[in-house]
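Q: Residues per chain are reported as follows:
There are 2 protein chains.
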Amino acid sequence: MTQTHWIAVDWGTSQLRAWAIGAGGVVLDKADSADGMGGLKQADFEPALLRLVDPWLGDTPTPVVACGMVGAKQGWVEAPYRPVPCKPGEATPITPATQDSRIRLHILPGISQASPADVMRGEEMQTAGVIADNPAFDGILCLPGTHTKWIHISAEEIVSFRTAMTGELFALLSQRSVLRHSVGGDDFDRDAFDSAVGETLSRPERLAQSLFTIRAEGLLRDQSGAIGRARLSGLLIGAELAAAKPYWLGQQVLIGGAPALVALYARALETQGVQCLTRDSETLTLAGLRLAHAKLTEAET
Amino acid sequence: MTQTHWIAVDWGTSQLRAWAIGAGGVVLDKADSADGMGGLKQADFEPALLRLVDPWLGDTPTPVVACGMVGAKQGWVEAPYRPVPCKPGEATPITPATQDSRIRLHILPGISQASPADVMRGEEMQTAGVIADNPAFDGILCLPGTHTKWIHISAEEIVSFRTAMTGELFALLSQRSVLRHSVGGDDFDRDAFDSAVGETLSRPERLAQSLFTIRAEGLLRDQSGAIGRARLSGLLIGAELAAAKPYWLGQQVLIGGAPALVALYARALETQGVQCLTRDSETLTLAGLRLAHAKLTEAET
Chain A
73 MTQTHWIAVD WGTSQLRAWA IGAGGVVLDK ADSADGMGGL KQADFEPALL RLVDPWLGDT
133 PTPVVACGMV GAKQGWVEAP YRPVPCKPGE ATPITPATQD SRIRLHILPG ISQASPADVM
193 RGEEMQTAGV IADNPAFDGI LCLPGTHTKW IHISAEEIVS FRTAMTGELF ALLSQRSVLR
253 HSVGGDDFDR DAFDSAVGET LSRPERLAQS LFTIRAEGLL RDQSGAIGRA RLSGLLIGAE
313 LAAAKPYWLG QQVLIGGAPA LVALYARALE TQGVQCLTRD SETLTLAGLR LAHAKLTEAE
373 T
Chain B
73 MTQTHWIAVD WGTSQLRAWA IGAGGVVLDK ADSADGMGGL KQADFEPALL RLVDPWLGDT
133 PTPVVACGMV GAKQGWVEAP YRPVPCKPGE ATPITPATQD SRIRLHILPG ISQASPADVM
193 RGEEMQTAGV IADNPAFDGI LCLPGTHTKW IHISAEEIVS FRTAMTGELF ALLSQRSVLR
253 HSVGGDDFDR DAFDSAVGET LSRPERLAQS LFTIRAEGLL RDQSGAIGRA RLSGLLIGAE
313 LAAAKPYWLG QQVLIGGAPA LVALYARALE TQGVQCLTRD SETLTLAGLR LAHAKLTEAE
373 T
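So the sequence lines, in the order shown, correspond to chains A and B.
According to my numbering, the first sequence is numbered sequentially starting from 73.
According to my numbering, the second sequence is numbered sequentially starting from 73.
There may be inaccurate statements among the hints.
Because identical chains cannot be distinguished in the list, a pair is counted as satisfied if it fits within a single copy or across any two copies.
[Unchecked claim] Within a straight-line C-alpha distance of at most 20 Å, the following computed EDC-like cross-link-like pairs (lysine to aspartate or glutamate) qualify: (1) 159 / 228; (2) 145 / 131; (3) 145 / 352; (4) 317 / 271; (5) 145 / 289; (6) 145 / 294; (7) 317 / 228; (8) 317 / 150; (9) 113 / 150; (10) 159 / 210; (11) 145 / 354; (12) 102 / 162; (13) 317 / 261; (14) 113 / 372; (15) 367 / 107; (16) 145 / 266.
Hints listed in this document are in silico derivations from the structure and should not be mistaken for laboratory results.
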């Protein structure tokens, strides 16, 4: 097997993902597991990592460069936040000792903002990836997900950022609230999505009452789950766009994430006349971790 | 034991409550259980009711007058919605047969609104209670809870109403979202509540981003659970008040519900110059059910 030069790791709350990187930064292999930081005690981290990367390890220590919740206070080792403004690719990692001498672990810190108070862990590597790809990028990076990030990038720095809990709200409301009876199935009505985005984007105060209307339309008019689901998504994304307006209005916007979700945000922003660039989040994360690894190698030589 | 003339029942999604009513409408006894409609199959309803009211039954059939989710499609027997505008105390109940001949069951219908689509089941009895108490009442009845209702009452009718899922959102966010780490304990900071209400009431678009700030303030500045909890409550109630503004602005407002929650809504509305009357919800429900029972007796004689 071709030799693994180093291992890239994105360790979130619910998932652990790793890539074996060979000469020239080529991805040789990848693996993931459900061993997210949220379910692990301190002593569980090293075994969870080794279960995943063991086949890639050789006789000499392999560097492991990890970002995400693994560096949180409840993670493997705390890597304190760096405050904005800062260059996301130039962090100094924490390098804790490991039981297994076949790995040399580097945990990257997250980034914080004092006012309005906000934090990120992991998304700064996607941001570094955007900058690595295009150092002249001046605009907004939107990373939709459980907690969507809106990140202002200028002069290779993160200038400011904001978080919206849109993905988590959608999951809670569609799976655990009374709306679960009215948003069933996997179908999705695009017209209903567009109209719901417009409602809360132009009148964000309506959100509080519009949500229950999804249930009432289901009861009174047998509104389909496909429409209910699209309306719930659209109302929440519209409300998020209303909050994030200072970020996207008149700006260059790049959206990174899972393709289906990226397409939804791009569609919503297009209705506002914003043409968005889009990227897959894995590509961005790897580009950022490659940059972090390169800086590390520079510093060590 | 004094004879039970009839039994009043408020049967919600999560709770079943019953009152033994004697001569002159006096409450002789009361009982409740966790046998809410949400956890029952069709065949479970009659046994659940009998477990609670059996001690009150005599040789002749006792009328049982029930409101709430017991009349929903997934309830004991469906009592179809009555559309607004209508007089909440003048509904004709459904009278299904029962296995046990010691009860004569009457299930009251809920109320629906075509546009914007909305529904209620149970709250119409509290509304009937307000009207029974003061037939000249012209204004707004606010019933905060899992699903808060805003009800416009005029000329003894429900003219229109709206529902906000504020209580359910608070429960989901405080117990199941990432915010659960930042809103712990039972303490509540009133100043933080007031300031949060003001934020989303004046700038409702901020809600989407303000929620995660509670988590970030916990991480970065060790903000207490008492402040986090009060801010979450205030942000959600402020957003609800922004949505409900056409209901309360310049209106007479009566708030009915559990005393602690009623006090929060009254406090929030007072900051907007709205002086509210307040009532306990049990008093209102019983006043409404007494009226429904009286109409039933009239109709039968």
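Q: Give a verdict on every hint.
A: Going through the hints against the structure:
For a Cα distance limit of 20 Å, the shortest separation of residue 159 from residue 228 inside one copy, 6 Å, qualifies, whereas the shortest one across copies, 65 Å, does not. Proximity of residue 145 to residue 131 under the C-alpha cut-off of 20 Å is found in neither arrangement, the shortest distances being 32 Å within a copy and 67 Å between copies. With identical chains, the CA atoms of residue 145 and residue 352 are never at most 20 Å apart, being 29 Å at best within one copy and 45 Å at best between copies. In the homo-oligomer, the alpha carbons of residue 317 and residue 271 lie at most 20 Å apart both inside one protomer (15 Å) and across protomers (17 Å), since each shortest distance falls under that limit.
In the homo-oligomer, the alpha carbons of residue 145 and residue 289 lie at most 20 Å apart only across protomers (15 Å), although the nearest pairing inside one protomer, at 44 Å, exceeds that limit. In the homo-oligomer, the alpha carbons of residue 145 and residue 294 lie at most 20 Å apart only across protomers (13 Å), although the nearest pairing inside one protomer, at 47 Å, exceeds that limit. Neither within a single protomer nor between protomers do residue 317 and residue 228 lie at most 20 Å apart by alpha-carbon distance, with minima of 22 Å and 44 Å respectively. For the homomeric pair residue 317 and residue 150, neither the shortest alpha-carbon distance inside one copy (33 Å) nor that between copies (46 Å) is at most 20 Å.
With identical chains, the CA atoms of residue 113 and residue 150 are at most 20 Å apart within one copy only, with a shortest distance of 13 Å there and 50 Å across copies. For the identical chains of this complex, residue 159 and residue 210 are intra-copy neighbours only, at 13 Å inside a copy versus 61 Å across copies, given an alpha-carbon limit of 20 Å. For the identical chains of this complex, residue 145 and residue 354 are neighbours neither inside a copy (25 Å) nor across copies (46 Å), given an alpha-carbon limit of 20 Å. In this homomeric assembly, residue 102 and residue 162 never come within 20 Å of each other (Cα to Cα): the closest approach is 25 Å inside a single copy and 68 Å across copies.
Taking the shortest Cα distances, residue 317 and residue 261 never come within 20 Å of each other, neither inside one copy (25 Å) nor across copies (31 Å). In the homo-oligomer, the alpha carbons of residue 113 and residue 372 never lie at most 20 Å apart, since the shortest distance is 31 Å inside one protomer and 67 Å across protomers. In this assembly of identical chains, the alpha carbons of residue 367 and residue 107 never lie at most 20 Å apart, being 28 Å within a copy and 62 Å across copies at closest. For the identical chains of this complex, residue 145 and residue 266 are neighbours neither inside a copy (40 Å) nor across copies (31 Å), given an alpha-carbon limit of 20 Å.
When held up to the earlier numbered hints, the structure conflicts with 2, 3, 7, 8, 11, 12, 13, 14, 15 and 16 and fits the remainder.
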